[in-house]
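Q: Each chain, written out:
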Amino acid sequence: MEDSKEQIEESRAEGKIVAGMAASFENPKELLGAASAFRKAGYQNFDTHSPFPIHGMDKAMDIHDSRLGWIVITCAILGGLGGYALQVWAAAAAYPLLISGKPYISTEAFVPITFELIILSSAFSVVIGMFMLNGLPKFSHSLFTHTSFYRASYDRFFLSVAAEDPQFDAIKTKSLMKAMGGEAIEILYDQP
Amino acid sequence: MSQDTSDSVALPRLVSGNPSFSDIARDVTAPTSGTPPSWWVIAFVAAMSLLMLYGVSVVWLVWEGVGVWGVSHPVAWGYGIINLVWWVGIGHAGTLISAVLFLCRQRWRTSINRFAEAMTLFAVVCALQFPALHTGRPWVDYFMIPVPNQMLLWPNFRSPLLWDLFAFNTYLLVSLLFWYVGLVPDLAVMRDRAKKGISKILYGVFALGWRGSARHWINYERAYLILAGIATPLVLSVHSVVSFDFAVSQLPGWHTTIFPPYFVAGAIFSGFALVVTLLIIAREVYGFKQFVTLYHIDTMNKFLLATGCMVGYAYSIEFFMAWYSGNEFERFAFVNRAFGPYAWAYWIMFCCNVFVPQLFWIKKLRRNIAVAFVISILINIGMWFERFVIIVTSLHRDFLPANWGYYIPTWVDITMYLGTFGLFFTMFLTFLRFLPMIAISEIMGIMDKANPHHASYKTDENATKQNV
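Quick note, the sequences are listed as chains A and B, same order. Residue numbers for the first sequence, in this note's numbering: 1 to 192. Residue numbers for the second sequence, in this note's numbering: 193 to 660.
None of these hints come from the bench; they were simulated from the model. What you were told as hints is all true, and nothing was included just to trick you.
Derived coverage of chain B by chain A (criterion: at least 3 residues anywhere in the stretch with Cβ under 8 Å from a Cβ of chain A; other residues may be distant):
hint, segment
1, 380-388
2, 406-412
3, 628-636
Restraint-style ranges between C-beta atoms, simulated for each label pair:
hint, chain 1, residue 1, chain 2, residue 2, range
4, A, Ile128, B, Ser351, 28 to 36 Å
5, A, Lys59, B, Ser351, 50 to 58 Å
6, A, Met132, B, Leu344, 35 to 43 Å
7, B, Phe512, A, Pro96, 36 to 44 Å
8, A, Ala92, B, Gly421, 28 to 36 Å
9, A, Ser100, B, Trp603, 32 to 40 Å
10, B, Pro340, A, Ser106, 19 to 27 Å
11, B, Asp215, A, Lys172, 30 to 38 Å
12, B, Lys481, A, Glu164, 44 to 52 Å
13, A, His55, B, Ser391, 27 to 35 Å
14, A, Met132, B, Asp215, 29 to 37 Å
15, A, Tyr104, B, Leu245, 45 to 53 Å
16, A, Ser148, B, Phe626, 19 to 27 Å
17, B, Glu476, A, Ala92, 52 to 60 Å
Simulated crosslink set (DSS-like; lysine-lysine; CA at most 27 Å straight-line):
hint, chain 1, residue 1, chain 2, residue 2
18, A, Lys40, B, Lys641
19, A, Lys59, B, Lys641
20, B, Lys641, A, Lys178
21, A, Lys59, A, Lys172
22, A, Lys40, A, Lys5
23, A, Lys40, A, Lys172
24, A, Lys138, B, Lys387
25, A, Lys5, A, Lys172
26, A, Lys138, B, Lys392
27, B, Lys388, A, Lys138
In this text the structure is predicted, and so the values were computed from the model without any measurement. In this text, a Cβ means the ideal position worked out from N, Cα and C, and glycines have one as well.
Chain A on its own, in the form it takes in the complex:
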């Protein structure tokens, strides 16, 4: 158990920046168990990585609900108002055309485009908002220094603890990972 501590000290001496520690688990059930054990042990800055979302993980890790909906509703309202305003301004102010006696501001005829612009602005805000909330794109991450993390996208389940976590301790963290069934426990380094 002492080896991990020595390893960290050695690598710090070499000038590498220790970012945390990660372990691999066999299946979703083990990962879920490990996640709740880490939360109960007082860890906050830890994360789990799986090929698909795992049912109950938000409760096990105590993750707050996504705020994405608020971003989207704001953009949807702005898109709708903007779309309607564009049509009113173009049809009644910038280029007034009298077509078969219809009023310049023909609200009924403006409904389809207003609707499409609500959808378009919400769709872009969903995608951009989701990636922004997730801090993506981020091509360089300490987890990618783990030798078997590439399997996290298709058949392994990982738990990582950041070095900034007040509970992070080379020995204790490693032994808890091991106790919960973690394998391939490795120290993560920030990529240069």
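Got chain A; can you put chain B on it based on the hints?
A: Using the frame of chain A, we list chain B on its own:
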């Protein structure tokens, strides 16, 4: 299998056998690695040849003008608009499968949604070719977009044709976003499994550094849910707006209030038919029988039966309304449709769309791959003729006999239509070769072992307890 009986609801197994997670990743990504199979090369060469035919036709069309098409007085909307409506209608099935069935928690959709979304995207690209070229001067198509310009010119927002521009482009962009969001976790799989440099870099760039974090999944799942929620009204709106092109006019045969729901039902009908056609081929050539089971084909065929009955109802009620309206022009338009010079097209449409799908009342035929394949092709022929009938028969004989005529397509019409198949299949075959055609992370997520609360884990625990 005995564990399944403990569940209160017996769900059909969506993935047959019991593959491990890495087996799924390996099987789904297999077609993207190694040398492409010879059938793929042959199909790709054929598709590229058709695409070149399309290119030649477009050059000729732009060079000479739309006069090289068969459109003239009185039928000013010919193959161009028929193909537009047909292609965009096909697209609707992909969004229906990925969005509406997602909201309805129809988990069987997982095996086919990536595939169907790709089909949507490429079908909409094919559809957009036609209105862009139909303007006659495609280099000034930007006049339709409301951008400040020197001429101080703004588009007419009261026109359904402009609504179309917004509906189609919104549909294309939203479909692309939806497809891409679904692809990101799978691109990470591709990145992590790629060995060689260039593909690893490209998949890596498009995967955006995805690392499957639980804190990311929670936003991701919410994003997917919202996209599904907004794609649902969008898909209903797109074909409704297409139908406004007709319904807002005052032409007998077009000016009917049933058009929006009737067009949407027809779009879903033809789109599901093309999904069945492509799915059966892909299932056979790639051997994805454990993911796309007979249960999937059966369910798709039930959709074809239901939507086929809906369009059958629409055809019939249109006739009834024409008679009930008491308007002689309206009555003439419909009698002329069924018994006039284009009666052959009408009855091809009616047989393929209404009579043929009735075979799917029989379970044995729904589960027969060959029957499903043939019927799905017949339905798409029928749906092409539906648009032909709506457009050509309504235009060719209007209020005054002096305005009557008979529409015949030219060779450019036909090569352009065939050419869009080249465009579609070039894109589709490229997709099959470079991207996973089944949503890997989603299919893993619906497996029993993906659920940490599933009975199989409990029995494992009991077994270990007993051993201890």
